[in-house]
Each structure stands twice: as C-alpha cells, then as structure tokens.
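Participant: We have chain A; now place chain B onto it with these hints.
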Amino acid sequence: MTLVLLRRRLVGSIFVLLIVVIGTFLLLEAAPGDAVDAYIVSTGGDAGMIELLRHRWGLDQSELTRLANYLWALLHLDLGQSVTFSRPIRDVILERLPTTLILMVSATALSFGLGSTLGIYAGARPGSLRDRFLSVASLALYAVPGFWLGLVLIVIFAVDLRWLPIGGVETLASDKTGLDRAADIAIHLVLPVSALGFIYLALYLRMMRAGMAEVWRQDFVLASRARGLSRRRIVLAHVARNALLPLVTMLGLQSAQMLGGSVVIESVFAVPGLGRLAQEAVAARDTPLLLGIILTSAVLVILINLLVDIAYAFLDPRVGASEAGA
Amino acid sequence: MSGFTISRRTMLTGSAILLASTAMPTSSWAQTPKKGGRLVLAADSEPRNLNPAIVASNGVFFISSKIVETLAEASFEGKDGLAPRLAVSWEGAADGLSATFKLREGVKWHDGKPFTSADVAFSALRIWKPLQNLGRTVFKDLSAVDTPDDLTAVFKFAKPTPFQLIRNALPALSSVVPKHVYEVGKIEDNPANNAPIGTGPFKFGEYKAGQYYRLTKNTDYWSKDEPYLDEIIYQVLPDRTSAAAALEAEEIQLAAFSAVPLADLDRISKVPGLKVITKGYEGLTYQLVVEINHRRKELADIKVRQAIAHAIDKDFVVKTMFLGYAATATGPVPKNDPQFYTADVPTYAFDVAKANALLDEAGYRKGADGNRFSLKLLPAPYFNETKQFGDYLRQALAAIGIDAQLVNNDSAAHIKAVYTDHAFDLAVGPPVFRGDPAISTTILVQSGIPDGVPFSNQGGYKNDALDALITKASETLDTTARTDLYKEFQKQVAADLPLINVAEWSFISVASDKVGNIANNPRWAVSNWADTYLES
Chain A
1 MTLVLLRRRL VGSIFVLLIV VIGTFLLLEA APGDAVDAYI VSTGGDAGMI
51 ELLRHRWGLD QSELTRLANY LWALLHLDLG QSVTFSRPIR DVILERLPTT
101 LILMVSATAL SFGLGSTLGI YAGARPGSLR DRFLSVASLA LYAVPGFWLG
151 LVLIVIFAVD LRWLPIGGVE TLASDKTGLD RAADIAIHLV LPVSALGFIY
201 LALYLRMMRA GMAEVWRQDF VLASRARGLS RRRIVLAHVA RNALLPLVTM
251 LGLQSAQMLG GSVVIESVFA VPGLGRLAQE AVAARDTPLL LGIILTSAVL
301 VILINLLVDI AYAFLDPRVG ASEAGA
Chain B
1 MSGFTISRRT MLTGSAILLA STAMPTSSWA QTPKKGGRLV LAADSEPRNL
51 NPAIVASNGV FFISSKIVET LAEASFEGKD GLAPRLAVSW EGAADGLSAT
101 FKLREGVKWH DGKPFTSADV AFSALRIWKP LQNLGRTVFK DLSAVDTPDD
151 LTAVFKFAKP TPFQLIRNAL PALSSVVPKH VYEVGKIEDN PANNAPIGTG
201 PFKFGEYKAG QYYRLTKNTD YWSKDEPYLD EIIYQVLPDR TSAAAALEAE
251 EIQLAAFSAV PLADLDRISK VPGLKVITKG YEGLTYQLVV EINHRRKELA
301 DIKVRQAIAH AIDKDFVVKT MFLGYAATAT GPVPKNDPQF YTADVPTYAF
351 DVAKANALLD EAGYRKGADG NRFSLKLLPA PYFNETKQFG DYLRQALAAI
401 GIDAQLVNND SAAHIKAVYT DHAFDLAVGP PVFRGDPAIS TTILVQSGIP
451 DGVPFSNQGG YKNDALDALI TKASETLDTT ARTDLYKEFQ KQVAADLPLI
501 NVAEWSFISV ASDKVGNIAN NPRWAVSNWA DTYLES
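In the order they appear, the protein sequences are chains A and B. At position 99 of the first sequence (counting the first as 1) the number is 99 in my numbering, and the numbers step up by one without a gap. At position 197 of the second sequence (counting the first as 1) the number is 197 in my numbering, and the numbers step up by one without a gap.
The hints are simulated quantities; they were obtained by calculation from the structure and are not laboratory data. Note that the coordinates shown come from a computational prediction; the quantities given were computed from them, not determined experimentally. Glycine included, C-beta positions come from ideal geometry on N, C-alpha and C. Check the hints yourself; a few may be wrong.
Sample of chain A residues facing chain B (criterion: CB under 10 Å; computed from the structure) [what the hints assert, rightly or not]:
no., residue
1, 25
2, 37
3, 146
4, 150
5, 159
6, 168
7, 272
No farther apart than 25 Å at their CA atoms in a straight line, the calculated lysine-lysine pairs in the DSS-like style are these [unchecked claim]:
no., chain 1, residue 1, chain 2, residue 2
8, B, 34, B, 217
9, B, 217, A, 176
10, B, 335, B, 472
11, B, 487, B, 79
12, B, 208, A, 176
13, B, 487, B, 472
Derived CB-CB ranges, DEER-like [stated by the list, open to error]:
no., chain 1, residue 1, chain 2, residue 2, range
14, A, 19, B, 367, 46 to 54 Å
15, B, 126, A, 22, 40 to 48 Å
16, A, 60, B, 295, 21 to 29 Å
17, B, 395, A, 181, 31 to 39 Å
18, A, 246, B, 189, 49 to 57 Å
19, B, 323, A, 26, 31 to 39 Å
20, A, 12, B, 126, 27 to 35 Å
21, B, 352, A, 26, 45 to 53 Å
22, A, 4, B, 208, 53 to 61 Å
23, A, 310, B, 405, 49 to 57 Å
24, B, 352, A, 16, 57 to 65 Å
If we strip away everything but chain A, and leave its shape as in the complex, we get (with noise of 0.2 Å):
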C-alpha cells in the first residue's frame, strides 16, 4: 500500500519540481537588474570591469542557455556554483539546511504540540470562559506580525531582563563541542522558534477546537455519554482523537508557510538559516543558488507530505485504503 503512494508521489513530484525550477527561473529573469547590477551598488566599476563580470558570471549568453545548462547540470544532480559565495550551492545549502529544519521542527512542534492541547482545553467546554479567552488571545497572537513579535520577545527577554541571547545560533566561535554545544544551540534557538512557533498556534487551536465542537455532535459520542463514561475519557478518548486528524493534514500544509515564516524570523534573530539565504540571493540575483533553494524546499515540502499521508493512513485506515485502490 505505502509502496504504491510512494510510486506515484515520486513520478507527480518530479513534474512539480521541473514546474518550480521553470517557473523560478523565469520569474527572476523578469526581475530587473542581474547579478552583475546587484554586485557593482557596493563597488562602482568602469565598462570593463563589468563587461569582465558579466562574462566570468556567465551573464553574457542567452536566458535560454542558461536555463538549458542549469537543466543539464540538474540532471546529473549539480546544482552549480553560486555567484555571490563562489562556492558549489550545495555546500552552501547543506550549511545552511539544518539549521533552518531545527528552527522549524521546534516550531512546528511547540504550535501543534501547543495548540492542540489548548484547543482540547478550549473545546471540551465550548462557549466557557476559558474557551474565549484562549480562542482571541490566540487570534491576536495570529494577528501579529512576526517581525514584531520577534523585536517584542528580543527587547523584553535579551535586552531588559538578560535571561536569553539576542541572535545568532550558538555562542560566537565559543569552541564550544558536544552537549555544551547542543546546550548552547537550544537556548539560542527559544526565542526565534517562539516567534514563529506562537504565530502558528492559534491556527491548531482553532481548529483542534472547530473540530471538537463538531464531534461532540456526533452520535457515538452520545452513545459513549449512554455507556456512562467519565467526561475527562470522552473528551480525550473520543472527541479529542478524532478531531486530531485534520490538524495531520494541516501540518503538511503548514510546513510550506512555516519556510515562508522562517525568512522573516531568521533575520530578525540572525539565525543563518535558509530563509535568510533565500532572501539574500534574491537581492544579488543569485539565479542559481535561488534555485537551489527553491528545489530543496520544494523537495522538503512533498517530503513532508509523504511523511504526513503515510502518517494518515495508519491514523485512518480508511484513507490509506481508498488511495491504493484509486
């Protein structure tokens, strides 16, 4: 059964990705200015030296050129070499990857971890208290936007109170190795992943919530109420589990807004993620390595929604079963 959705995911996620690399590259070509017009704003140059640029960058042949070599290389798996950091994107990418997956695996974890239980808190009661409070001060955390949250946390956390680092990943070159490190990374990383970890909750809880509400209507759980069972295990047992599952789907879906979000965060927190690099290659119309970028988060999202569906598909053996028959 996996087998099959992994066959077909493969051969569909090949065609998204050539679409993603076409459609970047076209996208950034229709962008004024190129790498060369990027690179000379910090230098000044004559004619020459920028004829001698656009040469040595390659920026002198046609689009269609580069985007036939760019195709070629990708076949033989070479992403090629970036222009701003002269080095193979790969090496970059691979530099910058983990950081960035770190940074959105806690946050993703603290959002769904987070708002899932508060949405279970707000809905096994609909209509209290407790569930109005938390469903618009979710909304307004939802509301905020992240820069300004982040700039918040780092001015009440790092500069008032001292109790965290204001940015970067780790200590600056601490030597630091081992679980030191690993110590080290982890207090740097709680507030950015806060940050982008609280903007996403009330998305969960919202719908951890919904769903329950939704649930609660349903016959089984009368019948559950009938065979006299405690409200704390219709709550959990019941109408919590089954309401989970969209929030499964979500957090497939969600994972494509969270690099989207981490672009934002990593600047503010001058966390060298991805999202930062991404940003910068797009102000240097760095072609290739955005392309770079591109593909691995493409790469990484269907990846993710692989993991999700197979995840469905022992959640809710109904699922699983119609795909493979399909």
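Facilitator: Below, chain B without anything else, positioned relative to chain A:
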C-alpha cells in the same frame, strides 16, 4: 574622551560640525591602552571577496583593512592628510611620469615570508590597474613599477599623472597583497580572496557564513607592542534594529557605519555605558544628490533645474531627515574636504515663489489641476535617508507644480533602471567623495561615459566647457593649479546644475565606553585598528 562624545543636542546646533571636525585637534587619551580582549562588533553585510586590492569598497575595507595594509593611511595630523603604513615616504617627479615609494623595513606577511617591493609592483600592475574597481581609473596610465632594491618601488606612468591624485588615492586604492600567494593561477579565483593574507595587525581567522568573521592578533606585527586586541569578531546582524538591541544587551561593544539607525541614537545615547561618536568618517563622505535626466526637454532647461534647486529646503532635510547628523551641500565637493572645497559658488536659497516664477518664465505654466508637468522620480534604496529624501522631494516638487511619481526599486533594479536603461527623470543617489574629485566625482557630470557605468553621468548631460575643464585638471601636475581648477569645476557645476547637491553626511558609531582609541583618523572604521583597545 569628552571630545568625541557628542550628544544629539550639540549636533543639532549646527550643520557646521562636519566642517569643524577636520579642524578639531585630536584629543590625547588619559588611559594607557590595555592589552588583550575580544572586540565584538556588528556587521550588516557579508562581503564574499575580502581582497581589498580587487574590491576597494567600504564593506570590504571594514573587515580586510585590519588584515591587508595600504601604502599609507588617512590621518588628521599627518602631512597632506596621510600617515605612513607600508610606505614610509613618497615623492612624485616634477614631470608627473614617476613616483617613488620607500618601503618599511622588517615587515613580514602573515605566512612568515618577507614583504618587499616586488609585492608592491605585483599588486599595482597585476591587480590595482587591471582589476580594481577604482584603480582601473586612477592607475590607467601606470606602465611599469621598477624595483631597484627590496625597499624601493618606482611607479612609471605613460602619461603625466598628477602626484596629488596618487597621494589622495593611497588610503583607499593601495592595498598590497603578497606576490608569492597570487602569482600562481587566476587572481580572481585565488582562495586568498576569501581568506586574505596580509601584513596587518590581525590575521584572518575564520568565516562562518551568516554568523561571524573572526580575526586574530598578529604577534609578529611590524609595529612593536601592537595590536592591543587579541581578537576581533564581526557578528553578522542583518536586521538594522538588532544592532541597537545587541549593544544594550552588551553582546557587542561597537556598531560602526551607522548600524544603529539615526532615529534610535537619541535613546541609545542615554543608555549608561554607551557613547555615540560622529568622528572618524571624515574621509568617507556621502553626498545626497538629485540626479537629472537631461534627455527630458523640461529638465534640459536650466531654469527648470534652478527652480528645482530653489524648491529644496536643505536645512529642513539636514535637521529633519538626518536629525542634524549631516551638513547642507553647496556643490560637488563636500565642505569637510580640506584640499578642494570652495564656498565661492552660486547658491540656491529655499524660495518657493522664486522657483514658481522661474518655471513660469521657462514657459511651463500650471494647468487646471495645478500641475505643470509630471516626472518619474527614483530614489536609491541603499540608505533610509535616500528613500526618505525621495518622499520629501516629491512634496517639495508638488509645491512648485511638478507632479513627481515615485518609483521604488531594490538595489539591483535601481542600478539597472538609472544607469543602464535611463528609465528615470529624476533620481536620488548617494555618490561617495573619495578625497580627490578625479577618483569618482568628475565622472558624475562628464560626458562620453558608456551606458551601464554606475555612479556616473547617465543623464545625457553634455557641457563642452566643463568637459574641457575636467580634462585640463586631470593633466595639470602643479598641486595649486590643479586645486584651483577643481574650485572652478565646483563653480561651473553649481552654476549649470547637471545635478543638484543637497546634503553631505557620514556615518556614526555607537560604542561601549570600554572601547578605546576610537575615531582617531578620518577613515577609522576602515583603518587597521592596531591601537584599538578594550578596558577591562
């Protein structure tokens, strides 16, 4: 220390500060410098190529000037505004065909090899002249560098070259890199471009992309007892608000190059333990300029350009946008330049009525909607202030019946729109004055420059008399005569307004009280910091 710490209030009292700062005597420091310590400072961008011999830009110098040294550095008190570094003396021949540099003895590269005149010859001929963004202009007539002995380098020029220009170019254009490292392979692909090897007080340590650069003490530095610091760490902080927060949280001790936005300075100057310093950037003056596309028939009319100049309230711009941290401009050379500046130029007082009268005279009467004509206005996005001035200029132009439509682009798009596509009527740009008008200033108004050259005359302006003056100045060897020609140049530019100079500004540092010997030369942020220290 009090001489350097300037509150916002004292700054506001006059825009003459920029002018006064060069004349200010250097204060002597009460403390004796302490040895040791790690200085952590904010860096807002990450230059990839750290070779200052190839890329002569402030972003690169900020880091690499501590590693790779120039022949001479700018100085407040030195003769001709220079202090010796790798060269101990210099002299130009009367015919302008040669210049002789005597080099410092006992200097070693970071890899232990001795520094000699061969390194200077290699850097000049193989890098500055063919590859460097600014050197390609200044050293274009350099034909050979003779090395009669290890400590003498004689520059030979194919055409007479004013020594004043060469001298003024030394602080920014004369970074010397080791021949033995660069002579093999392509210079642009040399790994040392990302991990420079020099003679400076600090060695390149490591670079973690997106995180930090680490420089470590050169224990074998030619100036005994220097440097004082053990390490310099540049922490990459891409968000401009985070530098101020990092200073307050004592995670960094210095934010140079105005990493703390002007609007935050008032607040941050009141934080105990932090000081705001406006000195140390006199040699890095930026000019706020309205670039004009003379292809537009309205703008080709001198009366219209004069009207626009009269419509701009320069004092307001300095006080409100720059919060007093700037000076009003009179022409293409900034007031704080000690050699060339003249105030004796036509000026344009803020006078809306006169501006309106000039436009009426030019035949552009107001239509029924109150507008005379429309313009496309492109403010450069590189600085907050250039963007803000774009908003201001739109309002100022509205007051004289010119409808300006703002077009906001990012850096790459702006460069292309203005300097390649000429798709603008007015643009706001921040050209840099680099100590001599021939380095990057005359190019702003000179004709005959190919399309696509950034920070040059791309507005289609052509003035034969001005072109002739620029050519004559570039060939004049006598320093006094040459200086006079550039004074005449300022007069002609201010009279004909190929562009409109509005204000001049420089950067601001915010530092912890613990950092000593800050701002003791006019290019401090991009100098070698051998004498910078941290009090314990």
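Participant: Against this structure, judge whether each hint is valid.
Facilitator: Hint check results:
no.	hint	result
1	25	violated (16 Å)
2	37	holds (4 Å)
3	146	violated (12 Å)
4	150	holds (9 Å)
5	159	holds (5 Å)
6	168	holds (6 Å)
7	272	holds (3 Å)
8	B:34 - B:217	holds (14 Å)
9	B:217 - A:176	holds (21 Å)
10	B:335 - B:472	holds (23 Å)
11	B:487 - B:79	holds (21 Å)
12	B:208 - A:176	holds (15 Å)
13	B:487 - B:472	holds (13 Å)
14	A:19 - B:367: 46 to 54 Å	holds (50 Å)
15	B:126 - A:22: 40 to 48 Å	holds (42 Å)
16	A:60 - B:295: 21 to 29 Å	holds (27 Å)
17	B:395 - A:181: 31 to 39 Å	violated (54 Å)
18	A:246 - B:189: 49 to 57 Å	holds (54 Å)
19	B:323 - A:26: 31 to 39 Å	violated (44 Å)
20	A:12 - B:126: 27 to 35 Å	violated (54 Å)
21	B:352 - A:26: 45 to 53 Å	holds (48 Å)
22	A:4 - B:208: 53 to 61 Å	violated (44 Å)
23	A:310 - B:405: 49 to 57 Å	holds (54 Å)
24	B:352 - A:16: 57 to 65 Å	holds (59 Å)
Taken one by one, the earlier hints fail for this structure at numbers 1, 3, 17, 19, 20 and 22, listed in ascending order.
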